[in-house]
Amino acid sequence: MSKVRKYSFYSLLIFYSILTIVPFLWSLSTSFKPSDEVYQSNLIPDQPTMKAYATVFGKIQPNFQTLFANSLFIACGVVVLHLIFAALAGYAFARLRFPGRDVLFFVVLGCMMIPDQLRLVPMYQLLVKMGLINTGPSNYLAIFLIKAISAADVFLMRQYFLTMPKEMEDAAKIDGAGPFQLFTRVMLPNAAPVLATVAILTFQGTWNDLFWPSIVLQSPSHWTLPFGILQFKGQFSTDWPPIMALVVLSTVPILALYTFGQRYIINVQLASSAKG
Amino acid sequence: MTSTSHRTSRLGRKRSESLVAYGFISIPMALFLFLSVGIFIYAVYISTFDWGIMGPTKNIGLDNYRKAFSDPIFLKAIRNSVKYALLVVPIQSAIGLYLALLVNSKIKGSKFFRSAFYFPSIASSAAITTLFIFLMAPDGVFNGVLRFFGVDTANLFNQGAWLSDSRTALYSIIGLNAWTTSGTMMLFYLANLQTVDSQFAEAAVMDGATRRQVFWYITMPLLKPAHLFVVATGMIGALQLYDQAILAGGADGSPDYSLMTVVLYIYNACFRKFEFGYASAIGVILFVIIFSLTVLQKSLFGSAAWKGDN
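The listed protein sequences correspond, in order, to chains A and B. Per the numbering used here, residue 1 is the first one in the first sequence, and the count goes up by one each step. Per the numbering used here, residue 1 is the first one in the second sequence, and the count goes up by one each step.
Relax, there's no trap hidden among the hints.
Heads up, incomplete: computed chain A residues facing chain B, CB under 8 Å, no partners named:
hint, residue
1, L13
2, M113
3, Y124
4, F180
5, W207
6, K233
7, Y258
Quick caveat, the hints were computed from the structure, so don't treat them as lab data. All C-beta atoms in this analysis are idealised placements derived from N, C-alpha and C, irrespective of residue type, glycine included.
Please construct the entire structure, taking both the sequences and the accompanying hints into account.
Right, here's the structure in full:
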């Protein structure tokens, strides 16, 4: 590479990095600014203050702790459901022979094509009939039911189990293990990377979801972080620091997850592009 | 062991394998049949009714569908969604490809740049759109940068109010999502680039091909799987635009319905007008559009994903 090319190359890379990182630094900076500094162009606040954080941790209803707990509870619950169902179905479709397998797998693939927006009206009607659209704790069940299973995750698990070498099973089979023991003792322990992938992507998707929570969750004490941001943005239209504090606080966990789980996310992007 | 007993034990093992399999898939399949297949049929059923807040009154056949195509706001929503998809998909794909080519070269810090470029893709749309609204405000950072370069933002045609002027609101959201989604598109292109054999490009360079020729005649055709995937998933995602529209324009897609999208329209029909039959019909229309695109994608890709191992 010539020197000129090299410099222009790096300046492009740096320019785009600024474009992706600086807006987030700006939200961080604004969350520490007093109200009269909000529209000033200094990245480092002249008089940094924790007032915005005091507001979101204490004054707002529901406060940040509640929003965080709801987001965490819903995301973890959905992760557990997806892991269990995707592992069970993925293993059966990949490794077991049974009448009707191909037809049933075709049904699973068909489910991937049904967009959430089509499910909105019938799902809502159904949840009303089941009495799950309410302000009590059973309202959480509505979210868990809607998100109980993901066809894409079943597909991902199946693809992974298909690639595992047959020899691993054969050795256990000779020792007299049945299909259930094969699943728990041989397949699951070796599926850790894909289980991590499913868990991370499900967590990220559920944590970030605005659509279903904004439709289903009835009581402010059930709101998740994205739903809280939507609501408070309306209430605090001119008071940016607390909103920016919420933006920062809701992004940090997902950033941490991404940093620690980066290789699994790259993996799944590969896997899901292969399934195209 | 006699051959008969051997056969029985094999048959027995086969039967027990089937039983275990049905045990494994029973709950997942029940959920799919209930939450996807059943719900799908129920959606089509509801869409043929005059179904208000008191429940269904009468079956009106396809009237809800006819009503949709004579409602100017629905037609506006379709136009907005299609315009958005047709603009955002090429932009985010092109940026994604460009970024992928940049970080795929053997350079120092390519890992850092890859993470930095993917960063906007991981945050929630609620957080990122709220941040965007703040940055794009008339007194915000974006106008500040424009002023720095000598643009008189206060006297621009929209007074620098990018999101509250109906002429620029949708384009601003296009800019926002091109910025957030191109990181994901970069990853898809990177995945494809890693499978591309560099010997074709090397051979072409030996034959005297220029950098530009190598890109257009070698690299681009070899990336065909990624192009198709990125465009198809991009279109499907773009047609489902909702979060950014409701955050920036409220439930009405303000100003002047410039941010009214098909999904936001469904939301309004359902939760503000309580026209459940009508809302369901719009959902079915959206499904038909997305389904056609998916079938198109599958037929372009071949059907490798549909085959089993044996």
